[in-house]
Amino acid sequence: MPVTWTLLLVLALAVAGYYIGRSRVLSAAGGDSRRLHSRPSYYGWNIAMFTAVPTLFLIAIWSVLRPAGPTVLAVLALIVAAAGMAFALSRTNPDFRARNVVETFVRYLLILCSMIAIATTAGIVLSMLFETGNFFKQYPWQDFFFGTTWSPRFGGGSQLGILPLVWGTLYISFIALAVSIPIGLFAAIYLSEYASPRLRSWAKPAIEILAGIPTIVYGLFALITVGPMLRDYFAQPLGLGNSGSSVMTAGLVMGIMLIPFVSSLSDDIINAVPQSLRDGALGLGSTQSETVRKVVLPAALPGIVGAILLAASRAIGETMIVVLGAGAAAQMGLNPFEAMTTITVKIVSQLTGDTDFAAPETLVAFALGLTLFVITLGLNIVALYVVRKYREQYE
Amino acid sequence: MTDATFPAAGASPDKSSLLVADERTRKRNAAERRFRAYGLGAILISIALLVILMFTILTGGIGSFRQTYVEIPVTLDAAQLDKSGNRDPEEIRKVLTLTYGKLIETALQKAITDNGITIDGLTAADVSNMISKEAPAELRNQVLANPELVGQTIDARLLSNGRVDGYYKGRVTMETAARDSNTSVAQLQLADALKDKNLLATEWNWSFLTKPDASDQRPEAAGVGVAILGSLYMMLVVLVLAVPIGVAASIYLEEFAPKNRLTDIIEVNISNLAAVPSIVFGILGLAAFINFAGLPQSAPIVGGLVLTLMTLPTIIIATRAALKAVPPSIRDAALGVGASKMQSVFHHVLPLAMPGILTGTIIGLAQALGETAPLLLIGMVAFVRNFPGAPPEGLFDPASALPVQVYNWTQRADPAFVERASGAIIVLLVFLLCMNLLAIFLRRKFERRW
Amino acid sequence: RDQIQVSGSSTVLPYSTIVAEAFGENTDFPTPVVESGGSSAGLKKFCEGVGENTIDIANASRPIKESEIEACKAAGVTDIMEVRIGYDGIVFASDISGNDFQFTASDWFNALAAQVVVDGKVVANPYTKWNQIRADLPDQDILAFVPGTKHGTREVFEEKVIHAGCKDSGAEEAFKAAMSEDDADGACMALRTDGKSVDIDGDYTETLARIQSAKHGIGVFGLSFYENNTDKLKVGTFAGVTPSTESIASGEYPVSRPLFFYVKKAHIGEIQGLKEFVEFFVSDEIAGPDGPLAAYGLVSDPQLADVQKAVADETVMAAN
Amino acid sequence: MNDMSKVERTVSQTDIKISARQAQVYYGDKHAIKDVDVDILDKTVTAFIGPSGCGKSTFLRCLNRMNDTIESCRVEGKITLDGEDIYDKRVDPVQLRAKVGMVFQKPNPFPKSIYDNVSYGPRIHGLARNRAELDEIVEQSLRGAALWNEVKDRLNEPGTGLSGGQQQRLCIARAVATQPEVLLMDEPCSALDPIATSQVEELIDQLRSQFSVVIVTHSMQQAARVSQKTAFFHLGNLVEYNDTDAIFTRPQDPRTESYISGRIG
Amino acid sequence: MNDMSKVERTVSQTDIKISARQAQVYYGDKHAIKDVDVDILDKTVTAFIGPSGCGKSTFLRCLNRMNDTIESCRVEGKITLDGEDIYDKRVDPVQLRAKVGMVFQKPNPFPKSIYDNVSYGPRIHGLARNRAELDEIVEQSLRGAALWNEVKDRLNEPGTGLSGGQQQRLCIARAVATQPEVLLMDEPCSALDPIATSQVEELIDQLRSQFSVVIVTHSMQQAARVSQKTAFFHLGNLVEYNDTDAIFTRPQDPRTESYISGRIG
Ligand SMILES: Nc1ncnc2c1ncn2[C@@H]1O[C@H](COP(=O)(O)OP(=O)(O)OP(=O)(O)O)[C@@H](O)[C@H]1O
Ligand SMILES: Nc1ncnc2c1ncn2[C@@H]1O[C@H](COP(=O)(O)OP(=O)(O)OP(=O)(O)O)[C@@H](O)[C@H]1O
Ligand SMILES: [Mg+2]
Ligand SMILES: [Mg+2]
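Here the protein sequences come in this chain order: A, B, C, D and E.
According to our numbering, the residues represented by the first sequence are 1 to 395, in order.
According to our numbering, the residues represented by the second sequence are 1 to 450, in order.
According to our numbering, the residues represented by the third sequence are 1 to 320, in order.
According to our numbering, the residues represented by the fourth sequence are 1 to 265, in order.
According to our numbering, the residues represented by the fifth sequence are 1 to 265, in order.
Please keep in mind that the hints were generated in silico from the structure rather than gathered at the bench.
Just so you know, these numbers come straight off a predicted model, no measurement behind them.
Even for Gly, the Cβ is constructed at its ideal location relative to N, Cα and C.
Check the hints yourself; a few may be wrong.
Just so you have them, the derived chain E footprint on chain D, three or more residues with Cβ under 8 angstroms [claimed, not checked]:
1. 104-117
2. 149-163
3. 194-207
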């Protein structure tokens, strides 16, 4: 409990600081806020921030490292808070550039937040690098990167070639995107350009539910419904095999899950394109679809590409649907009605399996993870380049 | 500039009627109709798929909200429960569930004879199996909470076994029972007989929402209580951390950061993080939060942090796209009246970008709420019976989560768990809807065209 | 931390939860938290170190490996108690409406191996129907759902069924004649990849679902899973024996494997109830032939008394 | 307003390009255009004048159904183009707008290159058989809008990077390039310097030989210079509609009179 | 241009509000403003005239560093406000813009209510102590911009639902409400009718008693009416800068002469 109390106390102090700062500076200016450099609330914020933020950091770091008991922390926190408050108060006078200070402060907070992404990346790489190193000590990298067979064994002598997994990943993701991009994009266009507000107000959230259905439901849907259907009505009549699980099954079902990623985000972006652009095109006698295709979509392109990238990312990272829909067999082939599997699936299965945790069969999960990281990095760089090239900035 | 002769091409614009479309217009209109049809088709397909999925979930899971109980008088025999006879709670505590099981068995036997039920081939095992293994534990808890009951005969409401329950939900039939080693036709006939005597009923099942998970032998007792709390705690953490941090990061990158190599790297980095499989975030969470920072295993706080990191890219990508879509003239207008960059962003740009931010939040949270893989490695895919405490301390107690419950239950051998899993999915979706409703409401409020 | 933390194999998980639940009900200790995540991940966590932040017990569907003990030692986890809780039987079952099967190890080898011996020659597996292998097997397309390479069951299946079948059918000899020792060993366990043998990375529920959508499939299951689904599955005999807890305990039915859990001795006394839990787990009422674990399908350990004694004495694994 | 009907009668029926009867426009509850009756003649420049906010743009946007895009906007009454009701259900607004082009009050170039901006209309209407013809149309249109010299070296730069006046001329060029039968221009010269203005006015004069042009302007002088007919709007009412000469020399309505006499710009 | 330096010398140093020396603006490679030297006096209305696309807006945007927001835009040379270099690193552009307000060429109201549009500036600058004062400022500003009568009943409706000219006046009101020391107005009357124009001109005249006003206009008459100083830009050069009278009666540069004589509007 004491940590909670400390937390609340600090926040209370900050709130008090806010009011003290405000009234202090107002009275210093003789009650006339116009004589102040900044709005009175900025003086308040200045004090509140100096009181709370350093202390909160202290508490956060403390609760991780726990060098001593909560009482020590409480005392220390109060000292820091008081010091911050005193410092901020001492600087409070009508000429003090409170807004600039507050904004600089906020700006640093913003920078800090964006650094979390970098830190996460570093964390991911670091947490996998070591074990990846261990893996390559036990398994030749040539065989890993260029091997075309994936067959881990308990007793050693596994063949751990990544190529069939890469192929499966690309193939399944491709099909998933081939399903979700057209459906999602058309849905987004319809919602933002054609649909009545009423339809839009319920259809959009409804479609978003698709993103919230646990993937296991999709997996079972693939396994029980879609897989046998594709097998009986397509694969067998076409002579393309009789596998119940296939790239197609997983791709289709994953595509369904990804629809809202494309549709909802794109819809927001399309909706944000200024009406004047649509008017311009309509005024020239273009049909609504021409307006959309030639004016609105190009203007919304960066956002749409972002949405598609997000969908692609989900496709690459998905496990359950692939396991249940596409199976666990790592192989390279062109037949979409054959079972295949993806890198992600194998990362999960090797990590959660029963193999020796220090053996290459388990460690390969880390190498797979890191390789996938590098592959997607490459794809993202290409995407960034493409967006830059085709971006159309309105106004 | 007088050389401008105009117009250049064909001088006689043919005065076609507005009501008659010419060839080209017909084609364009056909294209328009096709386009529109594609759009409508896309929506209909999505909605149809949603309906199908919802239908499967609902039909599969609605059963878990009803449960079959046997209601018979049970004599809490003092001789067995309190041998010393002084009603000392410590003494009563020593009596194990096994004893209570026997009491129930006797009570059921008695009820059968009292009501004059006779069934061919009914074995003692059939009778004792009739009642869930959870029932003795519940009875024991009841007695421990109120030692006065010892020696009395109470009307107990006892969970029936999963197969009997399944019988009343259509999952088990006489035919399957004949083959099933865990039930028998005689047992089901007994259930029917009890039902005739109003001793057995299928009722609304609150305990599915309030009780914790149960082991593989007691599907009828399993509930999502702990999972709901765990998910709630995790979502709180995600909401409190991911949304502000994500929005803040996007604001910095989109509005303040100088456009240079470094920001390009950050940008690529973030979209790349979105492509990192969720289990890798579990690896990171295990390494960073548990092994390095020393946070406890199986705790919602760690789950929340991992999910936060996982959702951040989604929120950032959506937010950045939304910020990008705000026309620069709005920013100019604010700057022109002497607003600072920060003010122009917070007062004008952000509200306009809100729908996109909220969409990102909805999708990010939906993903976080339904994710199991990252929780695997940080110990949240677990069997947890004890409820976590109130936050913030409760954030550090072991808990499970809704998707974990679904994942676990779909792996269990007893088919009764399939129904439970679908039930948990329903709960999860309701949970998601509740979360989304606010966001959707806000989004509609902020939506406008300019 | 108040509660015991257990992690590891998902095969052991159901037994572990049954015990944990009973333990929580009947004692004043909180119910232990039991994670699943695989033997590998469980042991890895187990070997992370000693202390509040680390787990107390790792479940495993196979014995701990030498290399893992090394890793444990490096992290300061030295005194490890090994507790064998019983045996898991592995059975072959098909859809309830399907044909009856009497398998032998060589049938399985001939059905699923990548290469088989036909007329003394090593050839790629040509069989498409069971009755091509042995005339008294049913006339049914070969389709088997075998555990994926992540599962411990796969190892047992390969060793005790496929490899044994390789030997029984005489293929091993032929392989050895045709290739090097190592290759022959590999060939004895390599499964065909033409879609007749389907790896299942998920759980037995997935195998069951696959059988239901491809009725001619035959799945590899754990005994307990089969016992809970006798209304949907029809079990095949192996070497003439029908699997059951009794036939496995007596050693008649050969395809089974021991299940374990590992306890950090250092945590006994530190974590409340740990010793009690371990003793409760292996007590006769729980792990004995009439206990709830056996009722659920665990083959009770014939040497349970030895295990109980080892636990009582807190005997640790021999350090080597 | 009695005079109006007289004028109308003098115009032969075939010469009327657009005619509005009892046109009403509402924005939600707000009644923005009230009972407007007007006939816009073919091969004539009609000027709409009136104080800011009186409904000129609103009425203009009715004539090619651009108001359809404003959700709260509702149009009543009858508006015909060549005798056909443009609000008829069977009418395709797309075809209508191809015939009745529009230059908006706020310049709204597409976020595309200058060339693409101008060639957009010809492309969708298939006015050019090949690239050379398209180039020709683009050049002619830009010349007509007096922009060619300024942009001929930067046709591939985005139209949004132009100055305010340049954007306005770009939008004129864009509208002209589609070769509509009626051209609605909402203050096309508001951001133009006198020379550019005179060039655009010259363009309008040329266009008149084939099309009908409606121009909204705040400059009385401009109205007097380019138009043959003038309509004066006030608070949503069409106060007076007559030959431009007549309006400026002998306004019938006191409101017209006072608006014109208050002339400054 | 020789004349310019003479004029400068007659102005006492303290009266100069803004001064630019060798100002250069580039959009990427494009050199949009070349070597501009100009002194803008306090309590004076300065008009910028010149053909469309000559760089008036660009130069105007330099004066309160609005060009900072255009990525490709680069400003060189020295521009001072009250003697302080506004491009100095220590200068806070926010404070600068609070002192040097701006009305943009394209009306850009916030997608908020009319009231919020006008009250935004006073709010962030703390110009009103309470709601009543704020209401007062809003009303005064709207009155000044000749919009009050039209919108007084609909202050809570969105500013984006106004007509073009109303939006323009709203933007003027918004800029005036922040009470800047210098007001930069980029064609503030382009979409206004004569009466509204004269009211805005009256406002400008009033403002002059306290502030310095810079106005970009295409109307020579307007420049002559409201300004005391006029600067003529051509192709990015400041061709001539002098008292308005002098410019219109005895232009020194042939380019000025020809631009003015080509007057039409
Ligand atoms: N963002 C931009 N990027 C590139 N070039 C630009 C940009 N803005 C303006 N220009 C160019 O700079 C020159 C000067 O533009 P500016 O907007 O200053 O003209 P102006 O004098 O205000 O014209 P107008 O009276 O038409 O508004 C023009 O040639 C214009 O095309
Ligand atoms: N989208 C809208 N929603 C609500 N009211 C509107 C909308 N557009 C215009 N109005 C109102 O309708 C009236 C007429 O507007 P309109 O744009 O037609 O005026 P205008 O004559 O073009 O004026 P200006 O010369 O200023 O452009 C005005 O009072 C205006 O405020
Ligand atoms: Mg208008
Ligand atoms: Mg300009």
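Status of each hint after checking the structure:
Note: the stretch 104-117 of chain D has 3 residues with beta-carbon separation from chain E under 8 angstroms; the three-residue rule is met and the coverage holds. For the stretch 149-163 of chain D, the stated coverage by chain E is satisfied: 4 residues place a CB nearer than 8 angstroms to a CB of that chain, which reaches the threshold of 3. Here the stretch 194-207 of chain D counts 5 residues with a CB under 8 angstroms from a CB of chain E, which clears the bar of 3, and the coverage holds.
Of the numbered hints given earlier, the model fails none.
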